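Assemble the whole structure, with the sequences as input and the hints as a guide.
Number of protein chains: 4
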Amino acid sequence: GQPLLLIGGPCALESEELARAVASTMQEICARLGINYVFKASFDKANRTSITSYRGPGLEAGLATLARIREDLQVPVVSDIHEVHQVAAAAEVLDILQIPAFLCRQTDLLSAAAKTGKPVNVKKGQFVSPWDMKNVVNKLHESGSDKVMLVERGASFGYNNLVVDMRSLPVMRSLGCPVIFDATHSVQLPGGAGGSSSGQREFIAPLTRAAMAAGIDGLFMEIHPDPDKALCDGPNSIPLDQVEELLTRLLRIREAVGDTF
Amino acid sequence: GQPLLLIGGPCALESEELARAVASTMQEICARLGINYVFKASFDKANRTSITSYRGPGLEAGLATLARIREDLQVPVVSDIHEVHQVAAAAEVLDILQIPAFLCRQTDLLSAAAKTGKPVNVKKGQFVSPWDMKNVVNKLHESGSDKVMLVERGASFGYNNLVVDMRSLPVMRSLGCPVIFDATHSVQLPGGAGGSSSGQREFIAPLTRAAMAAGIDGLFMEIHPDPDKALCDGPNSIPLDQVEELLTRLLRIREAVGDTF
Amino acid sequence: GQPLLLIGGPCALESEELARAVASTMQEICARLGINYVFKASFDKANRTSITSYRGPGLEAGLATLARIREDLQVPVVSDIHEVHQVAAAAEVLDILQIPAFLCRQTDLLSAAAKTGKPVNVKKGQFVSPWDMKNVVNKLHESGSDKVMLVERGASFGYNNLVVDMRSLPVMRSLGCPVIFDATHSVQLPGGAGGSSSGQREFIAPLTRAAMAAGIDGLFMEIHPDPDKALCDGPNSIPLDQVEELLTRLLRIREAVGDTF
Amino acid sequence: GQPLLLIGGPCALESEELARAVASTMQEICARLGINYVFKASFDKANRTSITSYRGPGLEAGLATLARIREDLQVPVVSDIHEVHQVAAAAEVLDILQIPAFLCRQTDLLSAAAKTGKPVNVKKGQFVSPWDMKNVVNKLHESGSDKVMLVERGASFGYNNLVVDMRSLPVMRSLGCPVIFDATHSVQLPGGAGGSSSGQREFIAPLTRAAMAAGIDGLFMEIHPDPDKALCDGPNSIPLDQVEELLTRLLRIREAVGDTF
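Residue numbers (my numbering), protein chains in the order written: chain H, 1 to 261; chain W, 1 to 261; chain A, 1 to 261; chain V, 1 to 261.
FYI, nobody ran anything at the bench for these hints, they're computed from the structure. The model shown is predicted, which means the values in this text are computed figures rather than measured ones.
One copy or two, either will do: identical chains are not told apart, so a pair holds if it fits within one copy or between any two.
With a straight-line Cα cutoff of 20 Å, these simulated SDA-like cross-link-like pairs (lysine to any residue) come out: (1) LYS45 x SER196; (2) LYS45 x HIS85; (3) LYS45 x ASN138; (4) LYS45 x GLY195; (5) LYS45 x GLU142; (6) LYS45 x VAL137.
Here it is in structure tokens:
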């Protein structure tokens with residue numbers, strides 16, 4: 001079978017040093033474990049709960065940082081795009097373009113991403129049923145993309161809560177796309193902390209094991225050396241020094257499940 | 001008390017003739033009934049279910065049409081904006097800028113809209129709790145806007161379904177903003193028709209009566225002379241020739257409710 | 001049109017004195033307002049959150065109290081039944097038999113209630129769609145009942161929350177049954193207070209106004225002279241001294257809506 | 001670690017022959033695989049969607065059949081109870097008493113079951129949050145039971161749908177009870193077929209694998225030699241001849257997960 005894909009890194013670009021540290025550590029771990037690693041960090045968090053939340057370095061500086069990390073470490077990089085005008089610059093640097101969940105139905109953004117020829121990784125909207133992602137896939141196909149990945153990150157069932165319906169994994173795989181489980185956003189409680197989202201880090205491990213056993217092609221994880229000090233999404237980030245143990249266990253489950261899911 | 005506000009018109013701009021017909025008929029009806037009328041039509045439907053769905057005339061042509069209707073009929077106009085680059089041009093023509101539900105957390109879009117000084121009408125995201133709209137209001141306030149309106153258009157409770165929780169109306173009014181009930185999107189069934197959203201027109205009247213009695217400041221309605229031929233959102237549009245009767249009944253309810261809600 | 005039906009009283013039978021006080025005050029108010037009044041109190045709360053919660057006087061003593069109130073005040077009475085063995089005794093005293101929401105699919109209980117010939121008032125389960133109540137109605141019809149009433153009391157959309165989907169009112173009316181809105185259980189937050197359910201009394205008025213405008217045949221209300229001291233469901237009960245004002249306003253809305261909903 | 005528990009059998013008792021065939025085949029399979037097997041079949045389906053649905057042989061005949069199977073095959077048996085009057089007779093035959101999901105808050109039924117001294121297996125209500133099952137556990141403890149098992153069978157998030165929130169498994173385990181995943185009711189679509197519930201058999205395997213990896217103590221499965229001919233819950237039953245392969249794979253996952261979840 002295919003090796004597992006892991007998209008991971010700090011939620012937002014903080015210092016370049018921190019980003020490099022995560023990327024290089026993860027690269028080593030993944031090489032050891034036989035996992036395909038893609039570094040992820042956002043250059044801009046465009047939909048934080050509060051306007052005063054940390055957003056990142058912005059498009060230009062952020063892409064420059066990502067380009068240096070990509071070049072120096074020889075690691076593929078992915079980041080999320082929010083408006084059409086960002087797409088061209090992003091596609092020059094990034095190996096994969098990511099569409100945020102809230103924006104997964106914005107036709108122009110999908111279409112512009114597709115036309116770059118880069119693989120497009122779309123997070124399923126919290127308000128979209130798994131089977132309706134076929135409309136998103138169709139928009140991308142009709143714009144010329146044949147490299148589409150879909151991400152499960154929880155559905156909005158009830159206020160201030162996200163629920164992962166594991167049926168979404170086989171449903172989205174049946175659309176012909178690799179399916180990725182977002183281990184960390186799936187445990188967010190949107191608005192759960194009043195002026196920001198909170199998260200339930202204790203559920204990252206059981207949900208990720210469950211998704212792996214249900215059948216996925218890849219994982220998405222926010223990873224930080226010190227989540228309690230992270231400038232974004234700390235409550236639902238995985239501490240860097242716990243990732244290898246988690247991945248090792250997940251690979252054992254993947255092997256136990258076997259090829260046909 | 002304040003007169004009722006009605007934001008209404010065809011979902012998307014189709015022909016200018018059709019738009020004018022709706023606007024002038026609605027203007028007459030509202031004048032007769034003592035309702036403040038604002039004409040609404042989208043110049044671009046940026047998140048249709050399918051890429052082949054009708055989108056509208058686009059920014060430039062659409063704004064030109066809206067400007068002519070505004071000028072000729074002396075009617076205020078509103079339309080929705082999707083990316084920051086549209087905001088300046090839109091603000092030159094529109095009396096109110098509208099933020100679509102999926103985009104209600106996009107900080108840059110909110111901020112750009114606020115900075116124009118125009119009133120901003122934000123649809124509550126299908127994935128946002130009513131009380132969390134305070135974060136949206138705060139983003140707008142902190143960007144300099146003191147004219148914010150909030151719209152209820154249903155919450156995503158279960159796949160392919162929207163549910164209007166009428167508690168959202170007093171909750172959002174308690175944030176200090178006028179609250180508008182979107183009578184027609186609230187009866188959408190997202191993705192309910194496979195490649196498009198379907199709708200339940202039969203529920204427009206009871207839900208609108210309910211919202212009026214719960215307590216609202218305004219209504220939002222998609223109105224079309226022939227909904228079955230509408231190029232967008234026909235299944236949940238109100239036929240133009242039924243609007244006056246519905247509004248008359250709603251005003252009776254509004255009077256019965258009285259001032260303190 | 002038909003006069004409005006009001007089913008109301010304290011959640012559970014506490015002292016007979018308190019029950020009488022509520023029943024006679026409500027009887028006077030409803031006579032004045034032209035409302036058909038039915039006194040309701042539970043002889044046993046069979047599904048309280050905690051085993052140590054107050055449950056009521058039990059079947060025998062409770063029915064005896066209800067019989068005395070019925071006789072002395074000449075007021076019809078309703079109470080809820082939980083197991084088949086209670087049905088015969090209950091039917092000797094009660095004018096209407098009520099099926100609790102959690103039990104709305106228990107075939108034997110429905111069937112036994114139907115066979116008494118008494119009207120049966122079924123609360124829609126928090127887990128049942130409005131249209132699926134046709135199966136409940138069919139069970140009652142096939143057991144010989146032609147006097148079925150259905151009650152909306154909120155649906156379980158998300159943890160520790162109930163949402164009233166006002167579409168349920170016309171949907172259930174289309175099944176050919178009078179539809180009653182439960183004004184007080186609809187604002188419960190199940191389990192919201194840890195060892196008990198909490199409630200949001202501030203939403204009773206707007207939700208009830210909304211239901212009245214959407215179109216209902218009757219109201220269900222828990223009414224207590226001093227809700228903060230009620231032994232059951234205090235947080236979502238209406239103070240007895242506020243009922244008349246609320247009902248007066250609701251009747252104005254009912255008149256404004258008119259006959260055809 | 002503990003061996004896996006499997007509660008399984010046909011939804012309802014049909015012929016004694018069929019029940020015996022399932023029980024003895026399952027007993028052999030589980031012996032081979034090192035699984036603790038408990039035979040389950042209902043003597044009465046008390047809450048079928050339609051009154052004309054098959055219900056089973058009833059209390060007396062059903063318990064007699066279960067007693068014979070228990071005696072002849074030396075297999076423990078479990079069945080579900082619905083009203084208090086059934087508890088004593090059931091406790092004479094059954095090794096475990098099961099409380100149906102709709103009835104999980106009925107205090108008298110829980111209390112009567114607890115007082116028999118038999119282990120009590122409670123299905124989490126579709127309308128109850130995982131953490132609120134602590135109130136159910138408390139009711140049982142306070143009635144003298146220290147052998148409580150909890151079952152996940154999906155939550156009511158949206159009409160005609162059940163969603164398994166895998167977080168419920170660790171949450172309920174944290175209440176100190178063994179947790180069982182109901183592999184077959186979790187894929188029901190309540191009311192999904194109009195006059196009956198439908199089901200999505202294709203999701204049994206991925207959801208069960210997911211639950212096993214998340215961490216559970218046991219499984220509950222409806223198993224039938226020919227599900228398409230089953231008199232109850234056929235659409236969500238597992239064919240008897242596919243059980244061993246599924247269990248084998250699940251045990252591999254269980255081993256891969258290890259002890260600490």
